[in-house]
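The residues making up each chain are set out below.
4 protein chains.
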Amino acid sequence: MSFNTFGRLFRFTTWGESHGPALGCTIDGVPPLLDLAEGDIQGFLDKRKPGQSKYTTQRREPDLVKIMSGVFEGKTTGTPIQLMIENTDQRSKDYGNIAQSFRPGHADYTYIAKYGIRDYRGGGRSSARETAARVAAGAVARKVLGGGITIRAAMVQMGRHAIDRSRFDWNEVNNNPFFCPDAVTAGMWADELDAIRKNGSSIGAVIEVVAEGVPAGWGAPVYGKLDADLATAMMSINAVKAVEIGAGMEAACLTGEENADEMLPGKDGKPEFQSNKAGGILGGISTGQPVVVRFAVKPTSSILTPRKSVNEHGEAVEVVTKGRHDPCVGIRAVPVAEAMMAVVLADHMMLHRAQCG
Amino acid sequence: MSFNTFGRLFRFTTWGESHGPALGCTIDGVPPLLDLAEGDIQGFLDKRKPGQSKYTTQRREPDLVKIMSGVFEGKTTGTPIQLMIENTDQRSKDYGNIAQSFRPGHADYTYIAKYGIRDYRGGGRSSARETAARVAAGAVARKVLGGGITIRAAMVQMGRHAIDRSRFDWNEVNNNPFFCPDAVTAGMWADELDAIRKNGSSIGAVIEVVAEGVPAGWGAPVYGKLDADLATAMMSINAVKAVEIGAGMEAACLTGEENADEMLPGKDGKPEFQSNKAGGILGGISTGQPVVVRFAVKPTSSILTPRKSVNEHGEAVEVVTKGRHDPCVGIRAVPVAEAMMAVVLADHMMLHRAQCG
Amino acid sequence: MSFNTFGRLFRFTTWGESHGPALGCTIDGVPPLLDLAEGDIQGFLDKRKPGQSKYTTQRREPDLVKIMSGVFEGKTTGTPIQLMIENTDQRSKDYGNIAQSFRPGHADYTYIAKYGIRDYRGGGRSSARETAARVAAGAVARKVLGGGITIRAAMVQMGRHAIDRSRFDWNEVNNNPFFCPDAVTAGMWADELDAIRKNGSSIGAVIEVVAEGVPAGWGAPVYGKLDADLATAMMSINAVKAVEIGAGMEAACLTGEENADEMLPGKDGKPEFQSNKAGGILGGISTGQPVVVRFAVKPTSSILTPRKSVNEHGEAVEVVTKGRHDPCVGIRAVPVAEAMMAVVLADHMMLHRAQCG
Amino acid sequence: MSFNTFGRLFRFTTWGESHGPALGCTIDGVPPLLDLAEGDIQGFLDKRKPGQSKYTTQRREPDLVKIMSGVFEGKTTGTPIQLMIENTDQRSKDYGNIAQSFRPGHADYTYIAKYGIRDYRGGGRSSARETAARVAAGAVARKVLGGGITIRAAMVQMGRHAIDRSRFDWNEVNNNPFFCPDAVTAGMWADELDAIRKNGSSIGAVIEVVAEGVPAGWGAPVYGKLDADLATAMMSINAVKAVEIGAGMEAACLTGEENADEMLPGKDGKPEFQSNKAGGILGGISTGQPVVVRFAVKPTSSILTPRKSVNEHGEAVEVVTKGRHDPCVGIRAVPVAEAMMAVVLADHMMLHRAQCG
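Residue numbers (UniProt numbering), protein chains in the order written: chain A, 1 to 357; chain B, 1 to 357; chain C, 1 to 357; chain D, 1 to 357.
Here chain A stands alone, though its shape is the one from the complex (with noise of 0.2 Å):
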């Protein structure tokens, strides 16, 4: 049972609903002796949370990371670590008929037809406010991690805008508000996204995180494949649609001879693979080569166009969201999906010295 669990040896459970008083997070399992402070799980936090460029929501919240239990004299117990973050700015309004109407696009309907019973300020728990307790979850996630393994994540394409492959370039991602790769593409996408947002318009976006460092071995058949795992990570994630994994969709339209990764005897006895369709997992288990994972994120459904809706007496309605949100949700999706990234290798990473010593 898991419904806000994640992960087996290193595990964390979130709480907390967007306007409650706080949100956090617990994560259990977590090996000891690690140094471990909130300096280290706040930069994380910082490059997630809204209102840091126009292209995202206007809600100010500080999302300071509060070290409730676990930590001792600076380092870790071994024993669970609570991770606190107080809301500041679930703004006091008049909800209105949005209380009782379900948002096209949003889960409004089916907490409801689940429970019968559903927080409508901002989404409640399926706001994306949730995702703060992950992206703490994820900087602790690196520290079981250590310094081996690196991990990152870029925006690849928003609405039909792919970037030039050419021009990937990871030092260039945190010089633009959309963690592009790519300069040239960034500058067109702060035109496209500018009109999008005036015209209280929304659009998808996909994301591409990438592992390096993953020794070879990490994973395990049948069901608790590496790829299955992270599959089920970033879909967990709000408005994520579509997972991938290496050639991803793409390796439909392959033949046997295209997707082949050749090998080449490396260094250390080790083999060195000549592609990576594979996205550096086989057979569920980790090559060694980079893990590379794509999702797809839908475009944020708070828009400004009136659209045709229900409300909880079945009457028709016609639903506008005005209020503060993000016109390409995608965009702090990135460090979420770092995140889930850390905490599945770190999760494997246990599972694989657990078994295999």
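There are no misleading hints in this set.
Lysine to any residue pairs mimicking SDA-like chemistry, simulated, CA-CA at most 25 Å apart:
1. A:Lys267 / B:Val317
2. C:Lys267 / D:Glu315
3. D:Lys270 / C:Gly116
4. B:Lys198 / B:Glu318
5. B:Lys75 / D:Ala99
6. D:Lys47 / D:Pro290
7. D:Lys66 / B:Glu61
8. A:Lys270 / A:Gly357
9. C:Lys66 / A:Pro21
10. C:Lys308 / D:Pro265
11. D:Lys75 / B:Asp89
12. B:Lys47 / B:Arg197
13. D:Lys308 / C:Glu250
14. A:Lys66 / C:Glu61
15. A:Lys322 / B:Ser275
16. C:Lys270 / D:Thr305
17. C:Lys308 / D:Glu262
18. A:Lys308 / B:Ser275
19. A:Lys308 / B:Pro290
20. A:Lys75 / D:Ala216
21. C:Lys75 / C:Ile149
22. C:Lys66 / A:Thr88
23. C:Lys75 / A:Asn87
24. D:Lys308 / C:Leu264
25. D:Lys270 / A:Pro31
26. A:Lys308 / B:Glu258
27. A:Lys267 / B:Glu318
28. A:Lys47 / A:Asp191
29. A:Lys66 / A:Pro21
30. D:Lys308 / C:Glu272
31. D:Lys66 / B:Pro21
32. B:Lys75 / D:Ser127
33. D:Lys75 / B:Ile112
34. D:Lys66 / B:Glu86
35. C:Lys267 / D:Lys308
36. C:Lys267 / C:Gly288
37. B:Lys54 / B:Lys322
38. A:Lys75 / C:Ser18
The hints are simulated quantities; they were obtained by calculation from the structure and are not laboratory data.
Starting from the known structure of chain A, fit chains B, C and D onto it as the hints suggest.
Only chains B, C and D this time, still in chain A's reference frame:
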């Protein structure tokens, strides 16, 4: 921990290797008093079994299932159901240098990297023979779901050739060896795959699985999401490299206006959705619309064209896979996809009942 | 993996140390639409909190619970419920050589052996303060169970002095500081424990927990047995060294004739049991009779008499525990026992509903 | 969810009924490269199998185990190990009114109350035959633990007659049909049990299990405690009604001074404990001393003396159990107890390695 177990309340554990004496699964948590006989399972296994056309491997396996426990006088008893399928055509042969060489695209290298040992006969545990156990479990899951839910899958793309959606007809699916819902496309695929087969090559495919009749309210935030569970379910199938829900990767290209599934008042006070970009899932919970999942299957890695690789000693080798293989392994993934959809839904039906009564 | 999580469908994860800023728990899986307010929980915490008589530790903690998530407009929403209790009396003091010495009977040495680090302030994570979170979770579990099930616990033995069963009266339990169901025995215990307290010594106890109104059919073979779950629940409470169901250890002394709980036809076609040696559980499943569990609590390890031990450097030391402590820690185990019974039953109620409708 | 699965990292799932074609278990998570053959398991099964003396049931079962998967060329591969034992002496007979009557002390009534159906042949799933699968799993767990850990169990009390501790000798255990470590007591038990057997009666027993060589540091607070896991492990064995760790129920009678296991400086900087009231576990974590568990087994419920009961129609009946049965089912619980100790320790060895490296 669930290396070989799938599901929470409806859960099954598979065991067995390609060339061992048998394979099977233990299904735990099945409700009591369901009618269950071997005949209820055999039909689904027959659909998956090899050697049914020239387009699948020529290994001859009757795949006869035996119920070893959990059924008394034709009814489930609530205790674990053990299903066993004996391997009969695990041809004795000289594996020669394949035993020491790493076939590109296969799990040979990663198993050695992880475990230091592998059963190289027919791929051992990494063989797609394991999916026979999934299909058997899926047949039991359908019993749990009952007659109100229809689960069907089809192959909708082979290589670059997708079906024509205007000709989509579920009734065509069993009229051709590809589970193709479009008779015209099936005819073209026949020629194409025949050529590929004769060349000893292989090709990828896209499978679509649809569940109709799923009530609104199944699934759960935030790590028990129905779509996240479907993602891990499909990604765990051999050779799958991408999973899409509803609009899938295309969602990245849409605006908020295009992506919104508008609602009108429907029957019984339920909303009547005007489109299904969501694929029947919002916020991880079913909407009552058809649940739509697609996934990409890479081309079979076993091909006649020599590929460069290394062996267990780190030496350069060339690998050619003769023997029996599927030129398009996506075909036999169709009944497996249905089975995985069924087990995920059965699990969520029970989870929903547990929490929401 | 469940180092800090208890339960399957009704499950809670506790966090926090004795002298950290706060402690709490996340309760996941709670059904929606249950009335829940802090007042529903506080009463149970008050029963457990320290400093209520001279027979318990003089640490002053108000143990005020805050609901941080999962409740909206007074009702549960089906999303995780975070409960937080701030620590207010984590007295600043010089721990001196206690910080490096291993107190006999405490977890000091084993935490160091496992983790290489320990929060020595008040026992850190191994402190019985963690049980406040269990009591809070138990209050929510009672809501899940509803009014038809009565859960009560009592202290039935202190040292070698057991109650007189003929005087057992649940109404007496709250009339004395021992939760003793026998007023006469309570009076004798008062004198005895006063002497022990003044000597700086401590004494063990036996607690009995009884759940009435549990319907027949909860529990499950063979590793989800109701009695096995109760065993792990009670054994996980600090200082517990034995758990009995029904006849318990005495069952070893009985013949088959003596142990048989005979049945006569009862109401509604249900059997009317003539005795309850089974403690309300047969084959791991409830019989409809009262579920009866007893457990032994060892004497508090913190005593004034010097005990031989070693320190972290492997040197011989003498340990004397001054400070605040419970002379009979069994007393405060009573509300904890009720809570653990409640959470196990709530979990099995939901498990039963999931599988058997 | 773990109705039929035990363990976290070393975990096994059992299946099968008393009178079905076979029973077995799937063991998942086993480290690779361990030597494993059927002969390694068979010896333990032989110790448990029925019909070895007049003091156990006369059912004749060879209990021959077959390894169906997970082992290649004599070594574990890291994939699931399926072990199967065929039932050969499930005597065809007329169950007559037993099929509809609820035998006191058996799980007949509770299975019907839960599931509405039961396999009444030989107790079906509730039969102690299930423990054969546990013993098989225990043999594999011993392989995981390696040679440094010794696990032994003995029957230390039959009815009211306990062994004389001064004569405790592990070497005696296999010299008598009771696994009794005291030859003198074994002689007395022989006469006593013979009389009980001839009367068609039965008697309870106490079993003690001791693990030596367990390093300090295995186990985990607060719901992964080694003692709590042992409690659930032993309580899940058929007919067990109580579990004790170390001093057990007697701990309730002790003062803090009596209960303190004092320490002196020992070898390698480790403490040398002066007593073992704790049973080798403090705060849920092993101390390095012997881990000592005892449990009470109730008398076999199958007896010749007529007992009052009801049938499935709610009518009064008298139940007499003829057929084959164990007059003291505690005897055959001895190898089962060893197996459960082994699986719990193997699991915790792997858990410790995962978190603490």
